[in-house]
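These protein sequences, in sequence, are chains S and E.
Read left to right, the first sequence gives residues 9 to 261 (our numbering).
Read left to right, the second sequence gives residues 9 to 261 (our numbering).
Treat the hints with caution; some may be incorrect.
For identical chains, the list gives no copy identity; a pair is met inside one copy or between any two copies.
Stated by the list, open to error - Mimicking DSS-like on lysine-lysine, the simulated pairs with C-alpha atoms at most 27 angstroms apart in a straight line are: (1) K143 x K26; (2) K248 x K37; (3) K248 x K55; (4) K260 x K143; (5) K107 x K259; (6) K32 x K150; (7) K26 x K55; (8) K55 x K150.
Simulated from the structure, these hints should not be mistaken for laboratory data.
Protein chains: 2
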Amino acid sequence: MIQITIIGSGNVAQHLIKAFDASKTVEIKQVFSRNKEALSHLVAYEKIVSDYSELQTADLHIIAVSDNAISEVSEQLPFNNQFVVHTSGTSPIDVLDEKNRRGVFYPLQTFSKSKNVDYSVIPFCLEAENTVDFKLLESVAKSISTAVYLINSEQRKALHVAAVFVNNFTNHLYQIGQEICEENQVPFAILRPLIQETADKINTLDPNEAQTGPAKREDSNTINAHLAFLEDENKKNIYKILTQSIQDNGKKL
Amino acid sequence: MIQITIIGSGNVAQHLIKAFDASKTVEIKQVFSRNKEALSHLVAYEKIVSDYSELQTADLHIIAVSDNAISEVSEQLPFNNQFVVHTSGTSPIDVLDEKNRRGVFYPLQTFSKSKNVDYSVIPFCLEAENTVDFKLLESVAKSISTAVYLINSEQRKALHVAAVFVNNFTNHLYQIGQEICEENQVPFAILRPLIQETADKINTLDPNEAQTGPAKREDSNTINAHLAFLEDENKKNIYKILTQSIQDNGKKL
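Same shape as in the complex, but just chain S:
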């Protein structure tokens, strides 16, 4: 069994604990959390430590904390020349203290505490400084997912920016859609199948082929009617910029 220690108690840490718990090739050795109670429903109490001096070495140490804490946490680890990874999409591998062998274990997914996630389809983007460590990381990722990729720090940065567009910004467009519905006494539920279909299409169509709508059709009557309908300056502005961008894109292709 590969022994893993997880440092952190947030969303990503908790999801990883659950996923490894169900895996048969990986064992959680310790979990570091300032607040032991926060994890007591997920991990045997005796495995939770809240002081760095209690941390023992394992085959792999996963730092799952917020981006700006990774560097400091990695310095606090009470051992050298062990294998330590972070789970961040934005941070390069070298934010980790170089006293240990470094790597990245980035699950490209959006984690809400209140929703369960099927780990087996989540892409894991891995990086390590040497082949032996990479192989270990690959085994660990494959124990919970079927989609495992070797992605270097520069590629990961691109991926994270792209993920912000397709996830965070997309969700914000859903939010705007919901606001427009509510302001006009229309049930937002009517839009759910469309949201689903828009995402499903991408499994079989290239986004360029899948593009429809007034911007794509250069239908200026509809575009102007929509802009007149939107009273909120912010929504108007977003409408204009995305319409323009779709039209510019059409000209590039």
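We have chain S already, so just place chain E on it with the hints.
Using the frame of chain S, we list chain E on its own:
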């Protein structure tokens, strides 16, 4: 059997023909198309007419043509006081010529010719000028879908604007995500599960609850790193505006 005539040969017309074909309570009486060959794979040749004078009356006449042609097509119909509807999300009911009884039969969905659609989950937004006509329209919609709504012209306008945000603009964000991946030698396939999960979440979570990411977290280090990474002015601009909008939204809640 309710008898229906469809006027038009585009995406929506073709999808409706397929859906009604599979229904047991509705029969297609005639289809009007300038180009008979375009529909010969979907409809018996003798049902296709290409001259308005050949159109007979039916229980319901569905005009499925582009928005700016609805008005003229409705004037050309060679009968009066029949039930005529259009399928547009943007056009009000009164673009239809008032010589006939009017209504709207708007399937809120994105139709690509190259992808099959499960009609049973597509919301149909219906409007009619009197109760008897509305009931007929409701029967027709229920023969192919389980999601049927009474939506007036003002609500439909809101719905269509909201649909542009959650469908057309969302798809454009996928397109931007794909460009960022390709420019950095990252397979876009890595993002597909995230796109799927982002949409799936909306079935169980409110978009406000589902919002994650650097904008929501007010993580200005990551935001600045992303802006520095994005060289293209258009992408930078979209990133800034949507980030700002997420942050303003957080303050309103």
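Outcome of the hint check:
1. In this assembly of identical chains, the alpha carbons of K143 and K26 lie at most 27 angstroms apart only when taken from the same copy (22 angstroms versus 51 angstroms across copies).
2. Taking the closest pair of Cα atoms, K248 and K37 never come within 27 angstroms of each other, the shortest separation being 53 angstroms inside a single copy and 42 angstroms across copies.
3. Neither within a single protomer nor between protomers do K248 and K55 lie at most 27 angstroms apart by alpha-carbon distance, with minima of 54 angstroms and 43 angstroms respectively.
4. Taking the shortest alpha-carbon separations for K260 and K143, neither the intra-copy value of 42 angstroms nor the inter-copy value of 47 angstroms comes in at or below 27 angstroms.
5. For the identical chains of this complex, K107 and K259 are neighbours neither inside a copy (52 angstroms) nor across copies (42 angstroms), given an alpha-carbon limit of 27 angstroms.
6. In this homomeric assembly, K32 and K150 come within 27 angstroms of each other (Cα to Cα) only inside a single copy, at 11 angstroms, whereas the closest approach across copies is 49 angstroms.
7. Only within a single protomer do K26 and K55 lie at most 27 angstroms apart by alpha-carbon distance; the minimum there is 14 angstroms, versus 60 angstroms between protomers.
8. Taking the closest pair of Cα atoms, K55 and K150 come within 27 angstroms of each other only inside a single copy of the chain (24 angstroms); across copies the shortest separation is 57 angstroms, beyond that limit.
Of the numbered hints listed earlier, those contradicted by the structure are 2, 3, 4, 5.
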